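Engineer: With the hints as extra help, turn the sequences into a complete structure.
Protein chains: 2
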Amino acid sequence: MKASFYTSLLLCGSLVSLNTYATQHSNTQWVDTFIGTGGDGHLFPGAVVPFGMVQLSPDTDNPMRGVSPQPEIYKRCAGYHYDDHTIVGFSHTHFSGTGHSDLGDLLIMPMTGEIKTTPGSAENPEAGYRSRFSHDKEWSEPGYYGVELQDYNITAQVTASQRVGMHKYTFNDADAGHVLIDLTAAIYNFENKVIWSDIRLIDDHTLVAYRATNGWANNRQMYFAIEFSKPISEYNFINEDDKRYRCMDCLGKEKHSTIENKAVKIAAGKAVKFVASFDGLKDEPLYIKVGLSAVSRSNALKNLKTELPHWDFDKTRADAKAQWATYLDKVDVEGTKSQKRQFYTALYHALQAPNIYQDVNGQYRGVDGEIHEGKGFEHYTLFSLWDTYRALHPLLTIIDPDRVSSMVQSMLVHYQQSYENMLPIWSFHGHETWTMIGYHAVSVIADAYLKGIRDFDIDLAVEATINTANNPVYDAIPQYKKFGYVPMDVLPESVSITLEYAYDDFAIAQMFNAMGKKQLAKEYYARAMNYKNVFDKQTGYMRGKDSKGNWNPDFNPEAAKYMGPFTEGNSNQYSFYVPHDVAGLIDLMGGDDKFEGRLDALFDTHLSADMIKEHEDIAGLIGNYAHGNEPSHHIAYLYNYAGKPWRTQERIRQIMDTLSSDKPDGLAGNDDVGQMSAWYIFSAMGFYPVAPGDLSYAIGAPQVEKVTLKLAQGKSFTTFAKDISEENLYIQSVTLNGKPLTRNYLMHAEIINGGELRYQMGDKPNKTWGTAHSARPPALSKYKG
Amino acid sequence: MKASFYTSLLLCGSLVSLNTYATQHSNTQWVDTFIGTGGDGHLFPGAVVPFGMVQLSPDTDNPMRGVSPQPEIYKRCAGYHYDDHTIVGFSHTHFSGTGHSDLGDLLIMPMTGEIKTTPGSAENPEAGYRSRFSHDKEWSEPGYYGVELQDYNITAQVTASQRVGMHKYTFNDADAGHVLIDLTAAIYNFENKVIWSDIRLIDDHTLVAYRATNGWANNRQMYFAIEFSKPISEYNFINEDDKRYRCMDCLGKEKHSTIENKAVKIAAGKAVKFVASFDGLKDEPLYIKVGLSAVSRSNALKNLKTELPHWDFDKTRADAKAQWATYLDKVDVEGTKSQKRQFYTALYHALQAPNIYQDVNGQYRGVDGEIHEGKGFEHYTLFSLWDTYRALHPLLTIIDPDRVSSMVQSMLVHYQQSYENMLPIWSFHGHETWTMIGYHAVSVIADAYLKGIRDFDIDLAVEATINTANNPVYDAIPQYKKFGYVPMDVLPESVSITLEYAYDDFAIAQMFNAMGKKQLAKEYYARAMNYKNVFDKQTGYMRGKDSKGNWNPDFNPEAAKYMGPFTEGNSNQYSFYVPHDVAGLIDLMGGDDKFEGRLDALFDTHLSADMIKEHEDIAGLIGNYAHGNEPSHHIAYLYNYAGKPWRTQERIRQIMDTLSSDKPDGLAGNDDVGQMSAWYIFSAMGFYPVAPGDLSYAIGAPQVEKVTLKLAQGKSFTTFAKDISEENLYIQSVTLNGKPLTRNYLMHAEIINGGELRYQMGDKPNKTWGTAHSARPPALSKYKG
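Note that the protein sequences, when read in sequence, are chains A and B. Be aware that the first sequence starts at 1, since it is given in UniProt numbering, and climbs by one per residue. Be aware that the second sequence starts at 1, since it is given in UniProt numbering, and climbs by one per residue.
Misleading hints may appear alongside valid ones.
Stated by the list, open to error - Computed footprint of chain A on chain B; a stretch qualifies when at least three of its residues, placed anywhere within it, have a C-beta under 8 Å from a C-beta of chain A:
no.: 1; stretch: 197-207
no.: 2; stretch: 290-301
no.: 3; stretch: 667-675
What the hints assert, rightly or not - Capping the alpha-carbon separation at 25 Å, the derived lysine to any residue pairs in SDA-like fashion look like this:
no.: 4; chain 1: A; residue 1: 302; chain 2: B; residue 2: 372
no.: 5; chain 1: B; residue 1: 663; chain 2: B; residue 2: 706
no.: 6; chain 1: B; residue 1: 265; chain 2: B; residue 2: 218
no.: 7; chain 1: B; residue 1: 305; chain 2: A; residue 2: 373
no.: 8; chain 1: B; residue 1: 265; chain 2: A; residue 2: 489
no.: 9; chain 1: B; residue 1: 265; chain 2: A; residue 2: 174
no.: 10; chain 1: A; residue 1: 482; chain 2: B; residue 2: 372
no.: 11; chain 1: B; residue 1: 230; chain 2: A; residue 2: 473
no.: 12; chain 1: A; residue 1: 305; chain 2: B; residue 2: 305
no.: 13; chain 1: B; residue 1: 305; chain 2: B; residue 2: 232
If you are wondering where the hints come from, they were derived from the structure by calculation, not from laboratory data. It should be emphasised that the depicted structure is a prediction, and the values quoted were computed from it without experimental measurement. Here a beta-carbon is modelled for each residue, glycine too, at the ideal position from N, C-alpha and C.
Structural biologist: See the structure below:
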C-alpha cells in the first residue's frame, strides 16, 4: 500500500507539473471540466476535442445489468455525476448537458486480480468491476482526464482526437491486469436497450465491435476499432444473454453455435463482453486506442489508423489541448478567477456540439439510415435546436463562422435525407428524435444567412425552410396555418408551439426579406404575428385555445402540467415568448409600466411547492423565472424593450450572483448542449441575442471587466466594464468606438467589424440611458415595412 | 359464392390456357415445382428466376407470434409443406431444400373483410389472417405461382425478376380489401428471432422496410422497397412489442414516441406490422412489387425501379419463364413423362443457388458486414458446400461454366473479407454459419480450375486455398496436420472431418499439380492419404482415434450418434468416403470381392429401429445406404472401382425405382440446394463425378433414353440408352463418338468437347465390360506421379 501510494503521488506530481506548464501558455488553464458535473448540469469531465466525435469520459453510475437497486437515471445523463464515488469505466460518447440521454458507447474498465465481469453497485463496488475514486485524485484539462482507480491502484488517463479515444492505464502495483469491454453498458440504460452487439478479435492486439441500441434514437448503430499497445496474453468472450444465438438444429437440440467457439474469435448477441488480460504491465503502461464510426468497422479502423497512427499519449493529449487553445485563446477575459473559470469553461462547453459525425474518408450515416459522403462540407450531428437556436448558434456565428456554414449544410442534407422532408428538430447520430417543439433549424439558417454566413446551398436552404414550415405531417402545422394557432384540442403544448412557430416564421421572413423575396417575406411576417392569436386579452396571458375559439377553461398561469398547453413551462413564462415583437407584446399587456410589473411578478412571485413539483426539467428558479430552462433565457432582457434597461441590469446581476458559480454544481440546470454556457458568455459580456434573425443584441450589463474577441481577418471586439464591482452593477453610459451609444442594443455588424464597447458602471441606475422608444430594439412592425 | 366460383373458374381457365401455350414451346412445361415440397424434400413451389435473389413463395406454416401450439418446424424449412392446408402469406426469400433453415423475409398476405393482424392456426384459420387453400386450385410453373385463397376468394399470383418479387391479387368478390405486411413472420421463427425491424410509408403507394434477424445467420440485415399499384386508402402501423420504444423521459413517465405517431409514418421495433387498405378492387387486381437488398433501403428501391419499372405482371411472368427456358432448353431429354418431369424439375432445382446477392448498382454486403462493390464478377451467396461440392458444382461446370467463375470469385472475396481468412464453409447472405465440416470450397475451386474455368483471380485462389487448408483457427486443422488425422478427443465428428479434409487435400493437390506447383502438389497428395490414419485394419472400418493413437473403444459401425465421430452418418457409410482413392480403399478392405461384399452389406443390412432413430437428417434408406443424405451419394458408383460395374448399374436402378418419383414427396430427403437434383441429373444420364477434381465421371447406368446437353460454342453432348426398359437396366457396351469405350468412366473433356455416348442396354449384366483394372477410374497413386 505504501509503495503504491508513493507511486501515485509521483505520478500525480508529474501530472500537476504538466498542467502547470500548460497553464502558463493558454486560457485552457481556466477551464474546469468539473463545473456542471454536479447538480443538474449534466456535463461530463472527460476528454474531447472541439466539436469532436469522441467524448471519452468516466461513467460513475447508470442502470446496468445485474445491479439492484438501479441508480437514479436523470441525474446521470452525462454518465458521470460529481456526487458519485465509484467509476464503472470509460465510455466513448456522451451528451453535453442534455435533459434526456443516450450514448455511453463502448465502456472500457481496467482491473487487477480476479476478473470481474459484472459492475457491482455503488454501495458494494467489490461485488463487481467498478472502482472507488476520489476527487482528490482526479485531474482534468481540456482534452484530458485522469483518475486513480483506488480498488486496483491503477492510474487511468484518457485523451482523444476527433474520432479516436486514447486510454493510458498505469498498473501501479501489478504486473498482470485485465481490461473489460462491456457492450451492455450504456447511458439511460434500460432493459432491452442493446438490440445487438458483437465483438471480434482480429489479431493479438486488435478488436472490432458493433452495437445497435434502442434508446432515445432507435436502432442507433455504432462501430468500433480497438487497439491495445501490447499483445493480449489471454482473452475471454462473455455472452450473458439467456436467449443468445443457438444452433436451433432440426431436432430441436440446443447446441452452442461455433460463433461462441474460441476458434472463431467473436461473441455476438444482446449481452456481450470481452476481457483481455495482459502481462508485463510493471514495465510500461497499457495504452488503448478506440476508433469510432457510425458507418462500418472498416471505417472505425481507418479513423483509428489515420488519426492516431502512433502510441504517443502525451502527444495526443498535447494536440487535443492545442486544439482547445486555438479556440480559447481567441477570447481574452479579465475578471475574477471565478469569472474566468466560469467564462472559459462556458466557452469550452459551448464548443462541444454540434459535433463531427463523419469518418476520415468522408462517409457518414444520414437520417435515412443510408451511407452518404459529405462533399464540400464537414458533416455534423447533435442538433438540440430548441435549446441552442437561442444563443449557442448565434455565439458560433461570432466565434466560428466557417463552421456554421458546415453545420447549416449538415442540417440541409438532413432535410434532403429526411423521409418527412423536415429540417432537424432534435437529431443526433443519424436519427431524428422529434424531441421538443418548433422548427428552429430555420432560425439557425436565417440567422447565419442574415449575418452573411452563406457557404451552404442557398437554394436548398430556401426549399428546406419552406417545406419545413409548411410540412403537412409534422405536429400541427396545417392547423396552425388554418387557424393561425395550434388548437389545444389538436395537440398538447399548443400555446408554446404556436409561439415558437411564430418566432421561427419571423426568422424566415427576415431571411426572405434579405433575399429580396418580398412576397414570401410578407407571408411569413404575417405568420409571425400569430402569437397574438393565443394571447387572451381578458386575462392578459398566453392561453390555450381550442379549434372553436374557446379559451382553455382550466387555466392557471402557474400550471406547468405535463402534456398541457405549455412545453416545460407555464403561461407565466411563455407569455413573454414573443422575442421578435416585444413591442407588440408590450402593447398587448398594456404598455411599458404594466409590462415591467408583469416581469417583476414573474421574478418575484412565490411559487407553491406543488407548482414547483409540476415543473419538469425546470430548475434554477427566481420566483417563477426558471434560469435552468430555455423558455426563460431571454426574459431578463425584456425590461429593455419597455424602456427600463436598469431593471435588466439588476436581473442579470441577480441571476449571475444566485444561479452561477465555478463549482461542480455551478449551473442552474442542464447546460443543454452549450445553450446555458452561451447565455453566460453573452451575458458576461453585456449583451444577448433575444431574437436571432433580427441582428440585434439587447444590452444587459457586463459582468466581467474586459473581454476581447479575436475575430476573423485580424479584427477584434473588446468590451470594457469600467468601475464594475459588487455595487457597480448599473450602466451609466456606453460608448462604441469612442462614440456615445444611447440605444440599449447592439447590432451584429458592430461586433463583427471589430471595435471597442465601453460600459461605464455605477452603483445607481441611470434611468435616462437607453430608455427612449428610439433606443429600444426594433419591433416587428419595423421589418414588416 | 356462385359468382365468385364462376370468376375463379374463368381465371383458372385463363391460367391453364396460358400454361398450355407455353408448354408447346419450352421444356419449362415439364417442371413440376411441387416435386419435393412434400416429404423431406424441403423445396418451395414459389416464383424464382435462375439463381435469383428473390424466392417469392407461399408459406403454409411456421412458428409465429401468438400461435399455439406451434407447428413442427423441420418439416417447413422451405416455408411451404405440401401436407398443409392453409397459407399464411407470401414471403420473398427461401432456401431450396436445406436441412436447417432461416429466411422467409417480408411476409405479405391479402385479405378481405375484417382486418386481421395475427396469423391464426392451421386448425383454426378464421382466428387469424391465414387462408385455407387447396392443391386443386393451385398452379405453378418456373417463375410463377398462383393459388386461390379460399377464405377471402382472392386469386393470389406471384412472379419475380432477379431482385424483385411481384404479386397480383385479384379480389374476386370484394371491392375493398387489405394487405398485411408482417415483419414478425419468418422461417425457423423462434422467439426473439427479429432483432429489429421498421417499416415506413414514403408516399401513398410506397413503403421501405428493414429487418435484422438472428437465426441461422446472426444479425442478418435485409432491406425492402414495397410498391402498390394503387394508392393506399387507409393504413395502420402495428407494434406488438411490449417493450417497444418509449420516450423514457426524465421523470420516468412512459409516453409513446412520436415515431409511432401517425404523422411520422414509421413503425419500428421487434414486432412490427403494417396493414394497407384499398378501394376499387373490383375493377382491377392489386399489384405489389417488392425490391430486396442486403445493402440499404435506397438500393432496394433502385433494384425495384431498375428491374421492374412497369406494372405488367404477365410480362414479368413471361420474362421469368423465358429465363428458365434458356436454361431448360439447353437440355433435351427423351424418356417417360415421369422421367422428364423429374429430370427437368431436378434441373430447375439445380439452378436455384448459389444465387445472386448483389444490387443493380454492384453493391453487396460481404461476410465482414461491410458494403462492397463487385467488380468484374457477379456476387453470389448461399454456399451449401458440404452438399453441393459433390455433384451440383460439377454440374454447373458443364451447363453454366461462365457463372462458375463468378461463383468462385464470390468465394474468393468471401475469403478476403473473412476475419478468419477462410473460404466459405456454409455461408449465406453475408454470413458464415460454420455449419457442417471440411473445407470443400477448395474442391469447387480446384475442379473449376482443372476444367479450364479460370476467369477468377488465380493468385488469390492459390492463397485462399493454402490459407484455408492450413487455417490455425478452424476446427482442428492444426491437429490434423500434426497427427495426420483429427483426434476424437479434440473434436466431435473427427473421422468424418479427417476423411473430408483428405479428399479436399486431393483436390488441392490436383490443382497445384496442374499449375506446375509440384512441391505444393506433393504436400497435398501426401495429406490426401490421411484417410488411412482413421482406417482400423482390425475391424476394417473407419473409426475414431484419440490423440494417443487409441481406437474408439465404444465402436459400432452402425452408430450415428449425434456429436460422435461421424457427421450425420456412421462408420458403415463413412468407411466408403475415400472418393479420391477408391483403389487404395479397396486394398485396405481386402480387395475387389471383399469390397463388393462390404458395399452389399451396406445396401442389404437391416438397420434396427433404434439405429434409424439415431440417424439425424438421414433419410431415404436402402439398408444402411442413405440416399437422403450426402455421404452416401457416391457409394453406389464404387462397385465400378472394384471391377463390378454391373453392380453399380443395379444399385442406380434400385435407387431410382425406390427413392425417386415425380410426386410432391418424390425426393428421398432434402434436396440440399440442388445436390440431390444434381445426383439425379448425372445418374439419369449414366455417369457421376465421384471425386470432383480428378476430371473423371464413373459410368453408372443411364435411366432415360436420350439426353442432349447443348454446350458452349455450339457443341452438344448426347447420351443414348439403346433398348433401355424396366428389364434392360444393364450396360452391354458403350461407344463414344462411334468408338467402343471399354473403361467404366468418362473424362470431363469427352463431355465438354461434345459428342455422342451410346449405351447398349440389356437385361443381363455384361460382366466383362469395364471390369479390367485399366478400365477403372484412376487411383490416387496415379496422380502422385
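Engineer: Now, for every hint given, state plainly whether the structure supports it.
Structural biologist: Now the hints, each set against the structure:
{"no.": "1", "hint": "197-207", "in the structure": "holds (count 3)"}
{"no.": "2", "hint": "290-301", "in the structure": "holds (count 3)"}
{"no.": "3", "hint": "667-675", "in the structure": "violated (count 0)"}
{"no.": "4", "hint": "A:302 with B:372", "in the structure": "16 Å, holds"}
{"no.": "5", "hint": "B:663 with B:706", "in the structure": "22 Å, holds"}
{"no.": "6", "hint": "B:265 with B:218", "in the structure": "28 Å, violated"}
{"no.": "7", "hint": "B:305 with A:373", "in the structure": "23 Å, holds"}
{"no.": "8", "hint": "B:265 with A:489", "in the structure": "22 Å, holds"}
{"no.": "9", "hint": "B:265 with A:174", "in the structure": "56 Å, violated"}
{"no.": "10", "hint": "A:482 with B:372", "in the structure": "49 Å, violated"}
{"no.": "11", "hint": "B:230 with A:473", "in the structure": "21 Å, holds"}
{"no.": "12", "hint": "A:305 with B:305", "in the structure": "39 Å, violated"}
{"no.": "13", "hint": "B:305 with B:232", "in the structure": "19 Å, holds"}
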